[in-house]
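Just need the whole structure built from these sequences, with the hints factored in.
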Amino acid sequence: MSTALQDMVRALATEHDWEVEQSADPSGCKVAIGESTVELFRRGMSDIVFLLKITELPDNSFERSPLVDKLLQAALLKKNEFSGTLSLDETAGAIVYSYILSTAHLSENILKSTFEWLLNEADYFKAQCLPQDTVSPFSYGR
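If you read the sequence shown in full-length UniProt numbering, its first letter stands for residue 1, the second for the next number, and so on.
Derived by calculation from the structure, the hints in this document are not laboratory data. All values derive from a computational prediction rather than experimental measurement. There may be inaccurate statements among the hints.
[To be verified] For lysine-lysine, the following BS3-like pairs were computed, each having C-alpha atoms within a straight-line distance of at most 30 Å:
1. Lys30 <-> Lys70
2. Lys53 <-> Lys70
3. Lys112 <-> Lys53
4. Lys30 <-> Lys53
5. Lys30 <-> Lys112
Below you can see the structure in the form of structure tokens.
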């Protein structure tokens with residue numbers, strides 16, 4: 001990851017009490033925000049990919065489960081409202097949400113609002129995974 005981007009991420013982490021660590025990808029890092037961990041890495045020269053795990057998959061990830069159906073329905077309900085991608089990550093055994101941000105006009109404010117937006121989107125999808133009797137579906141705090 002570029003030094004400027006690393007500096008912005010670390011400044012936000014310090015300001016908001018987040019934890020930052022190096023990821024397995026040398027061009028990226030992981031940012032722990034509350035109970036969520038967002039992984040960032042470069043894609044090409046002008047894009048940053050944000051990746052956030054929504055939930056672990058059941059043991060047999062190839063089998064269609066009610067959880068996957070619920071998340072697909074939730075994605076369809078919001079299809080015009082979000083611009084990220086909800087997908088199955090078979091190697092991680094999880095359902096992940098990803099978003100690609102162009103670095104053309106990157107600033108600390110844009111990075112901060114992208115983190116906030118991404119976490120709100122993740123909260124929406126995580127709420128779909130909770131049992132129906134859960135009182136507060138948006139309890140995934142930051």
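Hint-by-hint comparison with the structure:
1. Lys30 <-> Lys70: It holds: about 28 Å lies between the C-alpha atoms, which stays within 30 Å.
2. Lys53 <-> Lys70: holds (16 Å)
3. Lys112 <-> Lys53: holds (19 Å)
4. Lys30 <-> Lys53: The given pair, whose Cα atoms are some 12 Å apart, holds under the 30 Å limit.
5. Lys30 <-> Lys112: Given that 30 Å is the threshold and the Cα spacing comes to 15 Å, the pair holds.
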